[in-house]
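Chains D and B, in that order, are what the protein sequence lines are.
Numbering-wise, the first sequence is residues 20 to 284 according to the working numbering.
Numbering-wise, the second sequence is residues 4 to 275 according to the working numbering.
It is worth saying that the hints were derived from the structure and are not from the lab.
Everything numeric in this text was worked out from a predicted model, so none of it was measured.
Virtual Cβ for every residue (Gly too), placed ideally from N, Cα, C.
Where hints are given, some of them may not hold.
Using 20 Å as the maximum straight-line C-alpha spacing, the simulated SDA-like pairs for lysine to any residue come out as follows [what the hints assert, rightly or not]: (1) LYS100(D) with GLU165(B); (2) LYS155(D) with PHE267(B); (3) LYS100(D) with GLY58(D); (4) LYS176(D) with ILE172(B); (5) LYS155(D) with PRO192(B); (6) LYS179(D) with LYS155(D); (7) LYS176(D) with ALA158(D); (8) LYS132(D) with GLY179(B); (9) LYS100(D) with ILE172(B); (10) LYS73(D) with PHE43(D); (11) LYS179(D) with GLU208(D); (12) LYS100(D) with MET270(B); (13) LYS237(D) with GLU222(D).
Between beta-carbon pairs, the in silico distance windows are [what the hints assert, rightly or not]: (14) VAL121(B) with PRO85(D): 35 to 45 Å; (15) ARG141(D) with PHE257(B): 34 to 44 Å; (16) PHE257(B) with SER57(D): 42 to 52 Å; (17) LYS225(D) with THR113(B): 42 to 52 Å; (18) ASP200(B) with SER91(D): 33 to 43 Å; (19) GLY130(D) with ALA87(B): 34 to 44 Å; (20) VAL121(B) with ASN42(D): 14 to 24 Å; (21) PHE257(B) with GLN76(D): 51 to 61 Å; (22) LEU83(B) with GLN35(D): 55 to 65 Å; (23) PHE267(B) with LEU125(D): 52 to 62 Å; (24) LEU80(D) with LEU262(B): 46 to 56 Å; (25) PHE267(B) with GLN87(D): 31 to 41 Å.
Chain by chain, the residues run as shown.
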Amino acid sequence: MTRVTVENVWKTYGKQTVLERINFETAPQSFISLVGPSGCGKSTFLRMLLGDEKPSQGRILVDGVPLQAEPSPDRGVVFQKYSVFPHLTALQNVMLGIELGQSPVLGRLFGRKRREARNLSREMLKSVGLEAAENKYPAELSGGMQQRLAIAQALVKRPKLLLLDEPFGALDPGIRAEVHEILLTLWRETGMTIFMVTHDLSEAFKLGTRVIAFDRRKTRPEELEAYGATITFDLPVMRKIAPPPGAVTSPAETEEAMPKVAVAG
Amino acid sequence: MRRLINQRPEILSRLLLAALPFFLAFLAYALASQARLAINPTDKLLPAWSTILDAINRMTFVPDLRSGDYLLLLDTMVSLQRLAIGVGLAMLAGFIIGVLQGLIPYVRATLANFTNVVSMIPALAILPILFITFGLGETAKVVLIFVGIVPFIIRDLAQRVEEIPHEQIIKAQTLGASTWQIIIRIVVPQMLPRLIDSVRLSLGPAWLYLIAAEAIAAESGLGYRIFLMRRYLSMDVILPYVAWITFLAFFLDFLLRGLRRVSFGWMYRGHM
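If we strip away everything but chain B, and leave its shape as in the complex, we get (with noise of 0.2 Å):
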């Protein structure tokens, strides 16, 4: 018998074993839910794949009774509105920075130690100030994003600079590049894939500052309407909300993995 460790599988057990985890959680929903419903049909904690169903019909192709909106339509577009705002405005400061700041000395001297004790600043603490300063509309909701994410953005890619190898900054300068050219021949080319990465990591926390600003002050969004719905314990509106959330957050991962892959083929070729 071979070691655990050694033993792969093959690739119809891997995929039926991928799904296993998925089934057994839907199984257990199933179960749970008759189970209550069994013992009081008008439960709300657990709705039935038809009552879900039926909620999904609702949200999705019924235009709202009093805006006439088709609510899922108009919380998605609005959610996703903020994040990419959110998130462009902090990946593009967070690129800038983060490359000067691991590229030149004297930026680093002078923005590091500030920017170690501004991430540190739990993003969701502020967010009282940020309301204060800019009201309830759309930019504190931008700004928490964009707070939340940038230091760990201007720190990740300030730490991939300085990992590239002194060797190739030294050469750089034996081909007479100064300063700027060293920017944007070496450093930028071989940093924007990093800068992906370090934004697919950041989209978690940016969906968490944005449900997180949604619920407080809104009139609309992904994470406004799920609040609004537990005052009416609507788990037939929330469930399905939250699914669309993880898919919605999924793809953006997937999207992004994908411009990745085509824009930089540099980065696979030869580590096949």
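So that you can see chain D by itself, here it is in the shape it has in the complex (with noise of 0.2 Å):
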């Protein structure tokens, strides 16, 4: 069960200010809505718990421990685009994270162990629906279709966080209903903490167990370079359907029942 703390976290390009102030702590296996405007720095807050990108000040802590300063097996991520290998079947697409994990020097396996993890990535493969596409290119591929490829090959790796960066921005409404779908029961069944930007609100709400904005507070021109972008709304989500099995309902979350609205300028 994992839990992500996040102490006072400031990231700053130069004199710009980017994000400041940001503190929050997760509940076990949640779903976490990241919103806002554009260039709000939800995804530069993204790419930090990547480890892509180092906050400025303050440190993000994954059960205690702080996080590497670079990318790791522990996080998977899907982006937007260029999520999956151009050149690698769907199958070798998800194959490819247990490869590089049994074979240091080649990151190719052979023979049984070949098998094994072909046997792996297949059910990965039918559990996201593409067991009939394991042959194809990605450029073969449906928009949709690429983007649960990206999610199997994320999760073949069993990751503690799965990060997605608007995973479903590109997608047609209906192929985005099916792939939450996919992305919700895989969440259920692996007990990961997810963090999701998006643009789309009720995407927003419909996923995540809690919906966090990022916004500026100060918005005159002659301050938005000294004053970053800060939390403003952090909303836990109230499901109508049943929460999960073994998912545990936080102190920290019940607490914040009620909004904390805060008000810009």
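Two chains, two separate frames, one set of hints: put the complex together.
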């Protein structure tokens, strides 16, 4: 059960402050939606969780341990685009994570180990409904299929955290709903914590157990550089559907039943 | 009447149109040659087709009086060997250095400016240095080809590596890939077709350096032959040699394009 703690995180680029005073803690098995206007730093925040960017101040802990400063297999990721490898078939894309873990020199498996990796990868593909497309290259798959493949590819490493950067932004509404269902099912089965950056508020509330909004409190032009965005809303989401087995409702979340509404400016 | 930019030729007219400039070039040559020969039958500048065919026959199927070699075959083999060694080594070195320079910030910081400066040196300007250093044998010619094209291949590959979406490199790391694994599983397979493109673009300069080196100091080779024949104004040999070099260059390009298509099917799927 993974708990993410964000302690007074700031991010500045030169004089430009992008994020300031970000503090929160997640309950185990949370699905956190990060929302906010363009340029509010939500993707920057996700990249810090990923280890692709370092906080300028403050720190991020996972289960009490500071995050490694570079991407690592305990954090899976799905981007809006380019998440899968164009030169590998769907099956090879999923197998890659297993092969990299077990074969440090060649990055490839042979014989029995290869068959095991292949069977496991087929299971993964099946869980996202891509079993019929295992020999296709990403360019031959539709946008929705590519994103499902990216999810399967990330989950084969059994990450504690799954980070999604506007993963469904480019999908048609129908396809989007389909992928939502798959994602929710996998989330319940695996018990991982998910952070999802999205522009789409209804998606944020539909999927998330908690919605965190980033925005700038100071918006006068002369203040834009010196002040960054911070958390302006932090709302738990009440679900009509039953919570996943084993999910714990955190005290932190129940305490925050009343939304903290901050007034900008 | 539709705009000119929207009018497209049908298959047949496309073929005819493509053949037209070739036909006109041959026609212009034939007319000019005929006109000159009518005034002076011993004119060597624009030989008649029959004279050219004789020369082709002589160079291809009749052993040389002095050495007993079939000259066209000998020249072709010698030149292709120099080209293959020079281009092959440049390909290998350019690929390894280019990939490392494109992917690893420390290598880029060390080498990028250096390769940029070296690529600005006109390779022909250092040909005297190569002849002084390596003598007049094969080494200097191969090194000239190598030095002439390797900076381009390095820069081109490094740039292609930098164009790999950052997301892919991040994703690979989240799948547990080490730097080495990223190189062999992600970067190299995606860069091999780029290497072929890069080599295709380098073949033009490579031929240029080959012919220049052969023209200055050699005992055989296609470049050597045409510059030797220049002394005798033997246009009847020079013209078919030039055509043959053009054909070889075209054929090599065709082979590389085929290799790319056969070996890297993933690049062509789903883009039909």
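Evaluation of the provided hints:
no.: 1; hint: LYS100(D) with GLU165(B); in the structure: holds (17 Å)
no.: 2; hint: LYS155(D) with PHE267(B); in the structure: holds (14 Å)
no.: 3; hint: LYS100(D) with GLY58(D); in the structure: holds (18 Å)
no.: 4; hint: LYS176(D) with ILE172(B); in the structure: holds (16 Å)
no.: 5; hint: LYS155(D) with PRO192(B); in the structure: holds (17 Å)
no.: 6; hint: LYS179(D) with LYS155(D); in the structure: violated (29 Å)
no.: 7; hint: LYS176(D) with ALA158(D); in the structure: violated (24 Å)
no.: 8; hint: LYS132(D) with GLY179(B); in the structure: holds (18 Å)
no.: 9; hint: LYS100(D) with ILE172(B); in the structure: holds (13 Å)
no.: 10; hint: LYS73(D) with PHE43(D); in the structure: holds (17 Å)
no.: 11; hint: LYS179(D) with GLU208(D); in the structure: holds (13 Å)
no.: 12; hint: LYS100(D) with MET270(B); in the structure: holds (17 Å)
no.: 13; hint: LYS237(D) with GLU222(D); in the structure: violated (27 Å)
no.: 14; hint: VAL121(B) with PRO85(D): 35 to 45 Å; in the structure: holds (44 Å)
no.: 15; hint: ARG141(D) with PHE257(B): 34 to 44 Å; in the structure: holds (40 Å)
no.: 16; hint: PHE257(B) with SER57(D): 42 to 52 Å; in the structure: holds (48 Å)
no.: 17; hint: LYS225(D) with THR113(B): 42 to 52 Å; in the structure: holds (50 Å)
no.: 18; hint: ASP200(B) with SER91(D): 33 to 43 Å; in the structure: holds (34 Å)
no.: 19; hint: GLY130(D) with ALA87(B): 34 to 44 Å; in the structure: holds (37 Å)
no.: 20; hint: VAL121(B) with ASN42(D): 14 to 24 Å; in the structure: violated (52 Å)
no.: 21; hint: PHE257(B) with GLN76(D): 51 to 61 Å; in the structure: holds (59 Å)
no.: 22; hint: LEU83(B) with GLN35(D): 55 to 65 Å; in the structure: holds (58 Å)
no.: 23; hint: PHE267(B) with LEU125(D): 52 to 62 Å; in the structure: violated (20 Å)
no.: 24; hint: LEU80(D) with LEU262(B): 46 to 56 Å; in the structure: holds (52 Å)
no.: 25; hint: PHE267(B) with GLN87(D): 31 to 41 Å; in the structure: holds (35 Å)
Hints 6, 7, 13, 20, 23 from the earlier list are contradicted by this structure; the remaining hints agree with it.
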